[in-house]
Amino acid sequence: MSNYSLFTQLGMIGVAVAILFVYIKPTYTAIQTTLDTTQTYLEEADKVKKVDDLLTEKVSKVDAVSAADMAALKRYVPDSVDDVLVMKDLQAIFAALAFPLEGLTAGGAGAATAQPGVLGGAGLVPHTFSLSTKVSYDDLKTLLKVLEANNYLLQVNSLSLAPSDSGLIGVSMSLATFSRATTTAKAVAVGEEPL
Amino acid sequence: MPPSTASSFIPKRNPVNRPKSVRRYNFVIIPILSYALFMASIIASGALFIYQIRVHAQLASAVRNLEEQIGNFNDTDLNRVIDFDQRLELANKMVASHVSLGSILSILETVTAETVQFKNLKIDRKDDHTLTVNAALVTSSLDGALFQRATYAASSLITSTKLSGISLVPGGVASDGKTTTKGSVGFSAEFTFSTDKILYKPLVQEGAGAGSAHTETIKPVSSIAPKPVVASSSKKTTL
Chain A
11 MSNYSLFTQL GMIGVAVAIL FVYIKPTYTA IQTTLDTTQT YLEEADKVKK
61 VDDLLTEKVS KVDAVSAADM AALKRYVPDS VDDVLVMKDL QAIFAALAFP
111 LEGLTAGGAG AATAQPGVLG GAGLVPHTFS LSTKVSYDDL KTLLKVLEAN
161 NYLLQVNSLS LAPSDSGLIG VSMSLATFSR ATTTAKAVAV GEEPL
Chain B
119 MPPSTASSFI PKRNPVNRPK SVRRYNFVII PILSYALFMA SIIASGALFI
169 YQIRVHAQLA SAVRNLEEQI GNFNDTDLNR VIDFDQRLEL ANKMVASHVS
219 LGSILSILET VTAETVQFKN LKIDRKDDHT LTVNAALVTS SLDGALFQRA
269 TYAASSLITS TKLSGISLVP GGVASDGKTT TKGSVGFSAE FTFSTDKILY
319 KPLVQEGAGA GSAHTETIKP VSSIAPKPVV ASSSKKTTL
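Those protein sequences? They're chains A and B, same order as listed. Residue numbering for the first sequence is 11 to 205, as defined by our numbering. Residue numbering for the second sequence is 119 to 357, as defined by our numbering.
Bound-form chain A, shown alone (with noise of 0.2 Å):
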């Protein structure tokens, strides 16, 4: 050891401490960077998995739910609805009953705000209607039982009854129906068999 001289050893302790600044230092700076990336990948790896798993427990309750159910919840819920064919429920709701259908009119699609304060502002976008007819005070009844229990929502925003001269009721009723106000969601109209 004593054998070096005093400029050789001089020379190691100055190789030392630039490997020291030039290598070990930057490297072990990499070596820290490469961590705790390394933690942020396993972190979000982790994030992920948690979120799959999510996934797969959410997917079996949905998956849980009956086709009856799931066919009912997407009538009720459609994508969109075909004015039409409301209508020809309408009609043969009134038919069925054997009341008198004097009119009835589509108002069509509204904005999906237009009436905020009636579903349409909860990503609801509502399609109205108008009919009029002349009943019985029971009959009344009787027809806002069976619209109230159609398998898809009739809501009526307005109802006036007047006397008429034949002793009946002379009703006009403003209906609205709703369908979910998206675009990305693959249609399901009201009348349409359920996906």
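Hints were generated in silico from the structure; no laboratory data involved. Treat each hint with caution, since some may be false.
What the hints assert, rightly or not - Capping the alpha-carbon separation at 25 Å, the derived lysine to any residue pairs in SDA-like fashion look like this:
(1) K315(B) to A254(B)
(2) K237(B) to T48(A)
(3) K151(A) to T230(B)
(4) K59(A) to K315(B)
(5) K59(A) to N183(B)
(6) K155(A) to E227(B)
(7) K144(A) to L178(A)
(8) K315(B) to L206(B)
(9) K300(B) to G262(B)
(10) K57(A) to K35(A)
(11) K98(A) to S218(B)
(12) K155(A) to A108(A)
(13) K237(B) to Q187(B)
(14) K68(A) to Q49(A)
(15) K57(A) to Q187(B)
(16) K240(B) to S258(B)
(17) K280(B) to T299(B)
(18) K151(A) to A81(A)
(19) K60(A) to D203(B)
(20) K57(A) to T230(B)
(21) K144(A) to K240(B)
(22) K240(B) to S176(A)
(23) K240(B) to L264(B)
(24) K240(B) to L178(A)
(25) K211(B) to D56(A)
(26) K144(A) to S224(B)
(27) K144(A) to N238(B)
(28) K315(B) to K300(B)
(29) K71(A) to N197(B)
(30) K98(A) to K144(A)
(31) K144(A) to A254(B)
Values in this document were obtained by computation on a predicted structure and should not be read as measured data.
Given the coordinates of chain A, work out where chain B should sit on it, guided by the hints.
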């Protein structure tokens, strides 16, 4: 008297000529330090190089793992769940605002005296939580109107009642002098109903026994409108 030093056989050193002690620097520490530092730097470099390779391998493994996890993620399933959730939330909102207008008519029937008649009636949905009913009523006397006002005010099912435009048409003898006409009192009423009091209730709950005394049944809707109108199983309704 001081002792003579010249007589001593012991050689005496002249204090002036005393040799200076040569101070030797300890250069032993420098070779050890230099060797240790050099070797440490070499060993540390080697170890660090190997560790770096290992850390890079770990990073590559973590990246592969993340890519696999992302690859395993099924967008279709996610869209299916989102679609179902959105549809279910909308259905809940719709069900929550699904009111029975028949209930309004029944409530008005219950709280209206027999002497009071409705000349016309208009129900309007103000928003998802409120319905207003405007009606023109007629009764035979002011006492009847007063009684009716009190009855409406006392009803807990009606959120608010406002009577206005009261007009009295007095009775008397007709111009022919023979027939008498009855007097009448007309007034307008504005009722407000809260939707939570008149929510639509399915008539027959699923699982209810056929002979249950507490279930109201009506003619099956499916029998009067075969295809378009059938019970919604999502509402747990069987008609």
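Structure-based check of each hint:
1. K315(B) to A254(B): holds, 23 Å
2. K237(B) to T48(A): Given pair K237(B), T48(A) is violated - Cα atoms ~80 Å apart, limit 25 Å.
3. K151(A) to T230(B): holds, 17 Å
4. K59(A) to K315(B): Violated, at about 46 Å.
5. K59(A) to N183(B): It holds: about 10 Å lies between the C-alpha atoms, which stays within 25 Å.
6. K155(A) to E227(B): holds, 16 Å
7. K144(A) to L178(A): holds, 6 Å
8. K315(B) to L206(B): Satisfied, since the Cα-Cα distance of roughly 23 Å is no more than 25 Å.
9. K300(B) to G262(B): holds, 14 Å
10. K57(A) to K35(A): violated, 33 Å
11. K98(A) to S218(B): holds, 23 Å
12. K155(A) to A108(A): Judged against 25 Å, a Cα distance of about 15 Å means the pair holds.
13. K237(B) to Q187(B): Violated, because 70 Å separates the two Cα atoms, which is more than 25 Å.
14. K68(A) to Q49(A): violated, 28 Å
15. K57(A) to Q187(B): Given that 25 Å is the threshold and the Cα spacing comes to 9 Å, the pair holds.
16. K240(B) to S258(B): Answer holds: K240(B) to S258(B) is near 22 Å, not above 25 Å.
17. K280(B) to T299(B): violated, 29 Å
18. K151(A) to A81(A): Violated, at about 29 Å.
19. K60(A) to D203(B): holds, 19 Å
20. K57(A) to T230(B): Distance of about 63 Å is beyond 25 Å: violated.
21. K144(A) to K240(B): Holds: K144(A) and K240(B) sit about 15 Å apart, inside 25 Å.
22. K240(B) to S176(A): holds, 20 Å
23. K240(B) to L264(B): holds, 22 Å
24. K240(B) to L178(A): holds, 16 Å
25. K211(B) to D56(A): It is violated: about 35 Å lies between the C-alpha atoms, which goes past 25 Å.
26. K144(A) to S224(B): Given pair K144(A), S224(B) holds - Cα atoms ~20 Å apart, limit 25 Å.
27. K144(A) to N238(B): With a Cα-Cα distance of about 14 Å, the restraint between K144(A) and N238(B) holds, given a limit of 25 Å.
28. K315(B) to K300(B): Violated, at roughly 38 Å.
29. K71(A) to N197(B): holds, 14 Å
30. K98(A) to K144(A): holds, 19 Å
31. K144(A) to A254(B): holds, 19 Å
Hint check: violations occur at hints 2, 4, 10, 13, 14, 17, 18, 20, 25 and 28; the rest are consistent with the structure.
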